Amino acid sequence: MAETLYLITLFPLLGFLINGLAGRWLSEKQSGYIASLAVLGSFLVSAQLLLAFLALPAEERLLTQTLFSWIPVGDLNIQVGYRFDPLSAVMALVVSGVGLLIHIYSIGYMQGDPGVRRYFSFLNLFTFMMLNLVLADNLVLMFLGWEGVGLCSYLLIGFWFEDEAKARAGMKAFIVNRIGDAGFIVALILLYHQFGTLSISEIAQAAPGAQIGRGFFTATTLLMFLGAVGKSAQIPLYVWLPDAMAGPTPVSALIHAATMVTAGVYLIARNSVLFSLAPATMSIVAVIGIITAFFAATIAITQNDIKKVLAYSTISQLGYMFTAVGVGAFSAGIFHLMTHAFFKGLLFLGAGSVIHGLKGEQDLRSMGGLKEQLPTTHWTMLVGVMAIAGIPGLSGFFSKDEILWAAFSRHEGFSWLWLAGIVTAGITAFYMFRLFFRTFYGKAAWQEAGYQPHESPSVMTIPLVLLAFLSILGGYVGIPAALGGVNQFHHFLEPVLAVYPGVGAAAVQHPSQGLELLLMGVSTVVVLGGIYYAYRVYVQQPTLADDLAQRMGLLHRLSFNKYFVDEAYHLLIVRPFQALAEGLWKWFDIQVVDGAVNGSGHAIARISGAIRRIQSGLIQHYASIILLGVIFILIYLYID
Amino acid sequence: MSWSDLNSTLPELALAVTALILLILEVVKEPPRAQFAWTALGGIALALVLEFALPIEGQFYNGMIALDHFSRFLNVIFMITAAGAVLIAVPYLRKSLEERGEYYALLLFATIGMMFMAKAHDLTILFLGLELLSIPLYILVGFYRHRVRSNEASLKYLLLGAFSTGFFLFGIALLYGSTGATHYDAIRQAIVSDGQLSPAMTLAGFGLLLVGFAFKVALVPFHMYAPDVYEGAPTAITAFLSTGPKVAGFAAFLKVIITSFAVTTQHWWGIVWVLAALTMTVGNVTAIRQDNLKRMLAFSSVAHAGYLAVAVLVGTYDSAFGMMFYLAVYAVTTLGAFGVVALIEGEEETSLEIDGYRGLARRSPFLAAIFTLAMVSLAGFPPTAGFLGKYFVFSAAVDTGNTWNIWLVVIAILNSLISVYYYLRPVVAMYMQEPADETPLPMSRVAVPVFLVLVLIVLGFGIFPMMLVKSGVAAAGSLF
Amino acid sequence: MTTILFYLFSALLLGAALFVVLNRNPIYSVVGLVFAFMNLAAMYFLLEAYFIGVLQVLVYAGAIMVLFLFVVMLLNVQPDRPHPGLIHPDRWWFGIMALIFVSLFLLLIGQGVRALLTSPAEDAAGMGSVADVGEALFTSFLLPFEIASLLLTVALIGTVFLAKKKV
Amino acid sequence: MVVPLYHILAFAGLLFTIGVVGVLFRRNAIIVFMSVEIMLNAVNLAFVAFSRYHGNVNGQVFVFFIMTLAAAEVAVGLAIIVSLFRNLRTSDISEIRLMKH
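Protein chains in written order, with this note's numbering: chain G, 551 to 1190; chain U, 339 to 818; chain A, 250 to 416; chain S, 69 to 169.
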């Protein structure tokens, strides 16, 4: 059975190679079909393996396949291989399944774009990298996938980077992510140094019994979490994700909603053993998660770009997932990851369909009343917003409430996590329905702009419908005990996840049923309240929206301007960095040579002038820098 | 002198004779002069055969040179580099109608210089090898006599090179004065047994010696010449300039430090630490702002010098091995990257800006793919050999357990992550942007072997590194 | 007597060198440098390095400086124009750096090296003869000697190539 | 002759520094080059003094090689200056800087 494991990643790699090398001889359609078929292959293999799994007893559900040994020198031996267990099975299915639908959708969406072959080849490459990330049994291979998806993301955004401003945004995304990745690498080095291996399972086996101080685990997990924060766009490294929306919408759906950005959550779940040994890190994860969830949700309320709303919503939902893994409910986090992939993929694709229908318009204020023109998009989007809002019976309800319950039942003064979660759920319901109403109901603002909206072709709507079904049904694999279910999802993942002392996993098994039901009721009421408020503001009395904005004054302005975080970043990080780069660059620059400084007698001007004039193609300046270096060396030796 | 002495320098002799033959051919032959390159390659091949045919180890010429796995490993790198530079030069020189025998002859002389630097076991040979490398390079940088940029680069290189040589020589003088010797082993002996005139003088001598090396390998703040010289030199020479002297400089630096000055590490490690940190940071941060590919790669090579300085600082067996691996990969990758730049370059030094690379994937898929591979390896992505090189060097530093070393590695990692940005810029331009004109780029077949070697080493040794690892380990072993 | 002579030559040497560096006229600089090298040769004689002293006169003061003079004449180099203002602002910094450098150098070297020149090698007089140096050159320093010959070959090729007018 | 070794080294150091000052101060490439020669001669002086002190001829042999280098370097350097002069009609290095930033 294990022999077929490599096929999962091989198919997308082949797709990438075919489209990348032979793309010029393929028609647009053929290129899209090949790419989709490649992902379909991965999906079928994963599904077949999963089905085989279900027939096995829980403890036998593990497949490994070593492809080859890399650098077998001395004590360093890196086995490049894959590991298929319940956790990676779920991830592989989500990646290939949702990925498949998005590939198919792209055939319609990208029609007529000159770069379509390139687009599909990179989409396949991304899928390949992402599958490597989730299937890796070794942190090095995982890191390869981790960097690879970032690279593809950058390339696919870069696709649309025609102008300087967007290119600069791309640079921002890039550098922000590098900060996180540095954390990951340093964690790898520390782990290798300590355990002498980078195999995930070997580390997981060795860690609990090892005679190592808590500080080590706290440090390594914090560093890993830094990587996760960057990749999954959490506070404080989230600013890049909204900018990444410059890419085409299916890319946003696949990379920036359903798969890549959830890699951080997966990283923590995959290394749940390490994280369980570091309670301090766990608390930080939970706190950062919930703050991000709340914070991003409040920004989403006032955004007018449909994709930006969804981007902030993604950040917020990722915050939920981090809260879940932070309180030790790893399976709940993965559960939400999965349902989120369904409904957020659906929402992005739906938004793409709207944008497609309006010839690229993304501003909510130019939409409205599109219900008639885009019927399929309308009702599938309805399912999506209901699912993300957490209407009982849809997938988002089950996963979100499991997280809230886990947060609530963790008695270490963490009930406020639950409270914040509930409030965020209400806000989420409000802004998602705001988006929904402003798009499909109310005044048809697009008429003034002269658009002729039309429903998308069936190659785009069929994935929408399928995702809508998944958004409804996806939750039923994990019905909590309080509602009479057995939470099969949790039991399926249980063997590969650590049990975090405290509540977390244990609470799911022995709930005080009445309390859990009560909490569900509360959250449902809050959510319905949010929806009703959105209905009143945006459908019943559209003027209310402006009143509200005025009455909220400062708050509205803060939210609308995303709390000025971008500006702050620009001022505190990007600007100094650019200034440094520019400074060093100017340093060599000649322009100021004899001008400004010559006449002035000011000492300061002279010093800065001297620094600036060290610049410059002039041999004397270079020689004087060499002399400075010599002086430094001699001073060091003298002091020593 | 005995026969074994003569044998120990046969490869150098073969190159020298080939160079002289080339000079004669230059006078005799009429254009077209394709034979020049083949003659030079034949000489290099002969030298390579001789290098392996004579399995000799030990010290020769009264201890002036030492032959071992270390010198053999590096000599192979040097000869591959020289052969690559010859192959790149063929199409490049044809563009400017400057196909001349002197070019190849000087290239071979410079190669002899590098080989002596790696073989040197006495400061006299080190000094002469360094100069035999430098003086041909001064001339080659100014090879385009009619281009002012080439003249200017040559003058800058020569004046600053001579300036730093002054410090280097004063360093040797002080070492000689303090220890009474120029032989590596004798210097160590004098330091260990405290037969020095004054320990402070020895250290000052070492400090000034370091200036010479730092200049040659372009460590900040001794790097200022590098971008200007790299930009002004003919691109085929830039390819050689950014690899040969750097590899030779680092190899000789490492050997001197490990054989002679290992015991004094506690007195000077801070200097190398600061230089390494400065070098990688300045190199990377400045490279981000460069639009000219030659300048960008110049700063990139400065940054790589910073990473390599980490290996020198650590100075353990592991780090020496890491450096051997790194040097081999770095040489081939950088040579290939500049080779692509040289082939793409238009007749009057056009197409050197990043805009010239727009849509290259469509105009020449092969060159674009090679360039991408080189960039990915320089950036240190797995599974390329560039990643392994960094990995070996950095993990050797971490393994010492020294906090300062670990901090340096953290700085290095941050830097190499930032560097990814500018390495990907040409890749994005090549694959993601539309070309200004669609005409396919004519591709010279002569340079293809260079690129195949690049693929072989970057991917082959990236995925199956054992062969290179074994020879690297043997080379590092000779130093201890 | 010889001691006094040595200090005298040193003073002249430093003075001549300063003159080379600080006067504006290139021709004067070349002549000043020849004078400085002559002084240096005299110091080599006093240090009993006769062979090197002879070489200093023949190679440096003779061949090399004539080459300089020749190029100065050939290019018809004019005296440096004075800068606007009395002294170029950068020169202050350069001067201060040079001062720091030389004081550091003297401080570092000064640690422990108070030995008299004559102390250990009293009996080695005469080792600077042509015979002694020549013997070393062709026995233990044979390989460096050969490399030096390559170096001169390279210089020859380069000079001809670079300075030739037509290819 | 009774001269402390330290004094000769100090002379060599001062001479070297004068050379450095020349490199830094002068704008004419030829004079800069001459200043480099002064630096090399300072090194030679140190070598000869050490050779005398150690009673060991190696230092003088090294000086011989430095002179060889100086000759080679001067020949090549002046050739470069001449070829630059042909193109630019100047040997003033403050006017020779196309490449910067």
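Be aware that one or more of the hints could be misleading.
Said to hold, decoys possible - Below, a list of computed lysine-lysine pairs in the BS3-like style, where the Cα atoms sit at most 25 Å apart: (1) 433(U) <-> 367(U); (2) 367(U) <-> 413(A); (3) 433(U) <-> 413(A); (4) 909(G) <-> 921(G); (5) 921(G) <-> 993(G); (6) 993(G) <-> 909(G).
As the list claims (entries may be wrong) - Here are the computed distance ranges between Cβ atoms for each label pair: (7) 805(U) <-> 556(G): 22 to 28 Å; (8) 805(U) <-> 323(A): 54 to 60 Å; (9) 607(G) <-> 772(U): 55 to 61 Å; (10) 395(U) <-> 830(G): 52 to 58 Å; (11) 745(G) <-> 684(U): 42 to 48 Å; (12) 348(A) <-> 808(U): 49 to 55 Å; (13) 608(U) <-> 762(G): 27 to 33 Å; (14) 363(U) <-> 325(A): 46 to 52 Å; (15) 394(U) <-> 380(A): 44 to 50 Å.
Calculated from the structure, these hints are not laboratory results.
Source: prediction; values computed, not measured.
By construction, the Cβ of each residue, glycine as well, lies at the ideal position given by its N, Cα and C atoms.
Taking the hints in turn, this is what the structure says about them:
{"no.": "1", "hint": "433(U) <-> 367(U)", "result": "holds (19 Å)"}
{"no.": "2", "hint": "367(U) <-> 413(A)", "result": "holds (19 Å)"}
{"no.": "3", "hint": "433(U) <-> 413(A)", "result": "holds (22 Å)"}
{"no.": "4", "hint": "909(G) <-> 921(G)", "result": "holds (17 Å)"}
{"no.": "5", "hint": "921(G) <-> 993(G)", "result": "holds (11 Å)"}
{"no.": "6", "hint": "993(G) <-> 909(G)", "result": "holds (19 Å)"}
{"no.": "7", "hint": "805(U) <-> 556(G): 22 to 28 Å", "result": "holds (25 Å)"}
{"no.": "8", "hint": "805(U) <-> 323(A): 54 to 60 Å", "result": "holds (56 Å)"}
{"no.": "9", "hint": "607(G) <-> 772(U): 55 to 61 Å", "result": "holds (57 Å)"}
{"no.": "10", "hint": "395(U) <-> 830(G): 52 to 58 Å", "result": "holds (56 Å)"}
{"no.": "11", "hint": "745(G) <-> 684(U): 42 to 48 Å", "result": "violated (54 Å)"}
{"no.": "12", "hint": "348(A) <-> 808(U): 49 to 55 Å", "result": "holds (53 Å)"}
{"no.": "13", "hint": "608(U) <-> 762(G): 27 to 33 Å", "result": "holds (31 Å)"}
{"no.": "14", "hint": "363(U) <-> 325(A): 46 to 52 Å", "result": "violated (38 Å)"}
{"no.": "15", "hint": "394(U) <-> 380(A): 44 to 50 Å", "result": "violated (33 Å)"}
The structure does not agree with the numbered hints 11, 14, 15 stated previously, though it agrees with the rest.
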